[in-house]
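Student: Take the sequences, apply the hints, and build the full model.
Protein chains: 2
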Amino acid sequence: MFTYDMSKAGSESLYHYLYQCIRKDILSKRLESDSRLPSKRSLAQNLGVSVVTVENAYAQLLAEGYIYSLPKKGFYIAQIQAPAQTARTAAPAKRPLKSAHRHAPNDEPESLDPKYIADFASNAADLESFPFSTWAKITREILCERQADLLRVSPSEGIFELRRAIAHMLLEFRNIRVEPSQIVIGAGTDILYGLLLQLLGFDKCYAVEDPGYSKISKLYSQYNVDFCYIPVSAKSFVDELEKSAADVVHLSPSHHFPTGKVMPIAERYRLLSWATASPNRYIIEDDYDSEFRMSGSPIPALQNIDVLDKVIYLNTFSKTMTSTIRLSYMVLPKPLAKKFHEELSFYSCTVSNLDQYAMARFMEGGFYETHINRTRNLYRAKRDALLKAIQKSKLSKLATIYEEDAGLHFILGVDTDLSDAEFCKKAEAKGVRIRALSEYYFEAEPSLHKFIVNYSSVEKDSMPRAVQVLSSIVG
Amino acid sequence: MFTYDMSKAGSESLYHYLYQCIRKDILSKRLESDSRLPSKRSLAQNLGVSVVTVENAYAQLLAEGYIYSLPKKGFYIAQIQAPAQTARTAAPAKRPLKSAHRHAPNDEPESLDPKYIADFASNAADLESFPFSTWAKITREILCERQADLLRVSPSEGIFELRRAIAHMLLEFRNIRVEPSQIVIGAGTDILYGLLLQLLGFDKCYAVEDPGYSKISKLYSQYNVDFCYIPVSAKSFVDELEKSAADVVHLSPSHHFPTGKVMPIAERYRLLSWATASPNRYIIEDDYDSEFRMSGSPIPALQNIDVLDKVIYLNTFSKTMTSTIRLSYMVLPKPLAKKFHEELSFYSCTVSNLDQYAMARFMEGGFYETHINRTRNLYRAKRDALLKAIQKSKLSKLATIYEEDAGLHFILGVDTDLSDAEFCKKAEAKGVRIRALSEYYFEAEPSLHKFIVNYSSVEKDSMPRAVQVLSSIVG
Numbered sequence: 001m002f003t004y005d006m007s008k009a010g011s012e013s014l015y016h017y018l019y020q021c022i023r024k025d026i027l028s029k030r031l032e033s034d035s036r037l038p039s040k041r042s043l044a045q046n047l048g049v050s051v052v053t054v055e056n057a058y059a060q061l062l063a064e065g066y067i068y069s070l071p072k073k074g075f076y077i078a079q080i081q082a083p084a085q086t087a088r089t090a091a092p093a094k095r096p097l098k099s100a101h102r103h104a105p106n107d108e109p110e111s112l113d114p115k116y117i118a119d120f121a122s123n124a125a126d127l128e129s130f131p132f133s134t135w136a137k138i139t140r141e142i143l144c145e146r147q148a149d150l151l152r153v154s155p156s157e158g159i160f161e162l163r164r165a166i167a168h169m170l171l172e173f174r175n176i177r178v179e180p181s182q183i184v185i186g187a188g189t190d191i192l193y194g195l196l197l198q199l200l201g202f203d204k205c206y207a208v209e210d211p212g213y214s215k216i217s218k219l220y221s222q223y224n225v226d227f228c229y230i231p232v233s234a235k236s237f238v239d240e241l242e243k244s245a246a247d248v249v250h251l252s253p254s255h256h257f258p259t260g261k262v263m264p265i266a267e268r269y270r271l272l273s274w275a276t277a278s279p280n281r282y283i284i285e286d287d288y289d290s291e292f293r294m295s296g297s298p299i300p301a302l303q304n305i306d307v308l309d310k311v312i313y314l315n316t317f318s319k320t321m322t323s324t325i326r327l328s329y330m331v332l333p334k335p336l337a338k339k340f341h342e343e344l345s346f347y348s349c350t351v352s353n354l355d356q357y358a359m360a361r362f363m364e365g366g367f368y369e370t371h372i373n374r375t376r377n378l379y380r381a382k383r384d385a386l387l388k389a390i391q392k393s394k395l396s397k398l399a400t401i402y403e404e405d406a407g408l409h410f411i412l413g414v415d416t417d418l419s420d421a422e423f424c425k426k427a428e429a430k431g432v433r434i435r436a437l438s439e440y441y442f443e444a445e446p447s448l449h450k451f452i453v454n455y456s457s458v459e460k461d462s463m464p465r466a467v468q469v470l471s472s473i474v475g
Numbered sequence: 001m002f003t004y005d006m007s008k009a010g011s012e013s014l015y016h017y018l019y020q021c022i023r024k025d026i027l028s029k030r031l032e033s034d035s036r037l038p039s040k041r042s043l044a045q046n047l048g049v050s051v052v053t054v055e056n057a058y059a060q061l062l063a064e065g066y067i068y069s070l071p072k073k074g075f076y077i078a079q080i081q082a083p084a085q086t087a088r089t090a091a092p093a094k095r096p097l098k099s100a101h102r103h104a105p106n107d108e109p110e111s112l113d114p115k116y117i118a119d120f121a122s123n124a125a126d127l128e129s130f131p132f133s134t135w136a137k138i139t140r141e142i143l144c145e146r147q148a149d150l151l152r153v154s155p156s157e158g159i160f161e162l163r164r165a166i167a168h169m170l171l172e173f174r175n176i177r178v179e180p181s182q183i184v185i186g187a188g189t190d191i192l193y194g195l196l197l198q199l200l201g202f203d204k205c206y207a208v209e210d211p212g213y214s215k216i217s218k219l220y221s222q223y224n225v226d227f228c229y230i231p232v233s234a235k236s237f238v239d240e241l242e243k244s245a246a247d248v249v250h251l252s253p254s255h256h257f258p259t260g261k262v263m264p265i266a267e268r269y270r271l272l273s274w275a276t277a278s279p280n281r282y283i284i285e286d287d288y289d290s291e292f293r294m295s296g297s298p299i300p301a302l303q304n305i306d307v308l309d310k311v312i313y314l315n316t317f318s319k320t321m322t323s324t325i326r327l328s329y330m331v332l333p334k335p336l337a338k339k340f341h342e343e344l345s346f347y348s349c350t351v352s353n354l355d356q357y358a359m360a361r362f363m364e365g366g367f368y369e370t371h372i373n374r375t376r377n378l379y380r381a382k383r384d385a386l387l388k389a390i391q392k393s394k395l396s397k398l399a400t401i402y403e404e405d406a407g408l409h410f411i412l413g414v415d416t417d418l419s420d421a422e423f424c425k426k427a428e429a430k431g432v433r434i435r436a437l438s439e440y441y442f443e444a445e446p447s448l449h450k451f452i453v454n455y456s457s458v459e460k461d462s463m464p465r466a467v468q469v470l471s472s473i474v475g
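Protein sequences appear in the order of chains A and B. If you count the first sequence from 1, position 107 lands on 107 in the numbering used here, and the numbers rise without skipping. If you count the second sequence from 1, position 57 lands on 57 in the numbering used here, and the numbers rise without skipping.
Quick caveat, the hints were computed from the structure, so don't treat them as lab data. Just so you know, nobody snuck in bad clues.
Because identical chains share one entry, a pair is satisfied inside a single copy or across any pair of copies.
Below are the EDC-like pairs computed for lysine to aspartate or glutamate, each with C-alpha atoms no more than 20 Å apart in a straight line:
1. Lys218 - Glu342
2. Lys137 - Asp149
3. Lys218 - Glu343
4. Lys382 - Glu128
5. Lys397 - Asp415
6. Lys72 - Asp384
7. Lys394 - Asp415
8. Lys115 - Asp149
9. Lys218 - Asp203
10. Lys204 - Asp309
Tutor: See the structure below:
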């Protein structure tokens, strides 16, 4: 390792060649996550290049999120998810707690309120992390260069360039192999659910997870469509599903919101088998925050093991970019894609051409990958700061952190006599907004004294104060 | 007239003061449409200012579309719609034919195809007319100045600034007085129809116009909702409506697509009276191209004469800007707006914040008004060129132009033995795409040998050749 033949750099700049070599080794997992890189001086000596060359290569890797630095310790390999199939689990040295981290699913309309010390109820993206300058530059370029295309009506399913970029990304990051013609772009997952209802039928019964995201059942109930709740905490989700009248099941098997559960592989196969029992049965897989898995074995998408065209894969750019650019997509099995083109393509695409072309270029230019890597590191640093603040406070003795293997939130179990509502009310009165897990239950027996900690929008500096507030309520 | 007191210009530049004075007289109709302005020299002399001052004022008025110029003749007052209530009808001198002009309604997914000499089937906007540089500038400004707002989740009904700008415009251009809280923004009218179905009920029967825009009935049929057709050519539309089981009627009373009919005022009152007979009854008024009425008395919106909260007003920026920015809106009567906020505000707004803020600034900065004036003049010039080309060709003896009082298309009645399908096929084979009126009928007896001429996207230079093609088929 680190024995690159620098004479092969050719016409390329040395630093860029070195950056590429190390990047390749990180992506192929030849370099292990959280292992330390050689010091700049020693690597420069070994390779026979100047220290500045190594410095520049490291700076580039750092900027793009492939490596991270620890003060006075040096540079370490970041945990990179791509290609997902070979990612390794390794908790970085000195991390105080290995923990669950996940955030609320798509499109929840919540906003940051400056009056809070910390708003753990908001799943908004970090304000600082949005790549405004790149996005503005690309938007400008598109407005200059693609004027005729900007006025040409988009196909109902979205502009080809964006669907191609998404297909490419799905292959690279999730090892999902699909054709651009299977992809449908929509202005948010609400829109896609609405299209799916028309595609799968208003006469079907839709199963949703309990606890879960209330928006989905609200939507089904608005459309006067039959739906039922399936308890996530049941011994077997699929057993409960079998007992129900459901034709279509809506779930997030890789990381359930809000509990953070991961559906075991055996259950996944049983789920696919459930779907084959009737031509009406389908699985809607919402893979909403797969980009932010920071540790744990990669969970293959259901779509990945589906060979019978039963899985509809759904995802969004709300989490990775911002929910205020309205951009979600679904991947339809080929027979359903055909049906979509025959029956639903009279609808206009709901996303503006400018947003579609900008996102396509953002992805094709490699900016999306860079951005994901950077924000993953940012959120990891936030998580670590929060966990450290908890560990340092008396809260550490009164609370348990549930380490479900998830995205941008974790569950905080608290030893308290207060009701969940009282706890949240007291916290809010003291400037910390937080929501109880029990709020997300519909019919199942709720799990009490557990709270959802979304940390993505919370400033690191506010975390010790926020933890102090929570401690004062418990103690 | 033209006797302005230039000493009142104060600190303003003289040319800008003069521009404002003339603009005011044009908008107040003190200056009549199509009347000639004094020559620059004579006005300069009368007002005691330099010719350059008058030149600059005229240039500004010309650029913004308040006046137009005829080569070697001078400057004339353009036909301006605002304020709509006092607009005058006056055919400009030397216009060969007074004619209907209207275009297909919202969101039809059609695109320009370079292989055609002329595509009269496309209702796309003129490629050259989109204000790219202003739009790009505003987009850049928003990306720089409103970063925190861009990441703050929009309310379900849309961002306040845009709803305020729309309310202001509706008052100014259509004399419709509404509160921003009654307005709901959506990524296209499809989205708004979907929301209205949820608001008014899936159990209602929806009436649509026959002939009409097939998308609307396709949508109702996708949702398995009862709907019926009401013949537009009937002696009384409302009589037919009374005979039907309809609860909700969907129509464009100010200018029906595709026939170009205008609903007489007596029928309008009867329609409102029909709606009062049951609390379930509502009128969906699609006012899709009211901005492009170029002549004829202004038709007040139904919304304007509704005092019983029965009219839902719908419009879009697809025609005035481009359908590839997905921006439509509806105005709900206050009780329905309340219901929307209570029951449907869990949905995410479907338009990106950037598009919403950009459009709000575009309107508030006066650019929208300027743009509408400019494109109205552009389309008028296109219409005139096309009518002139027809008049000059032998087609003038074999065809009738139906002068319905409408937007960006007219109806061409042709004296031919060919079937409508044969006519369109022959035209297409020779490079002219055109659609028959009869294609838009559902159950009613179609009116034959009539064709819809959308001229908005056709180049002026291609028009003589296109007319020649049509002539050769008829003759």
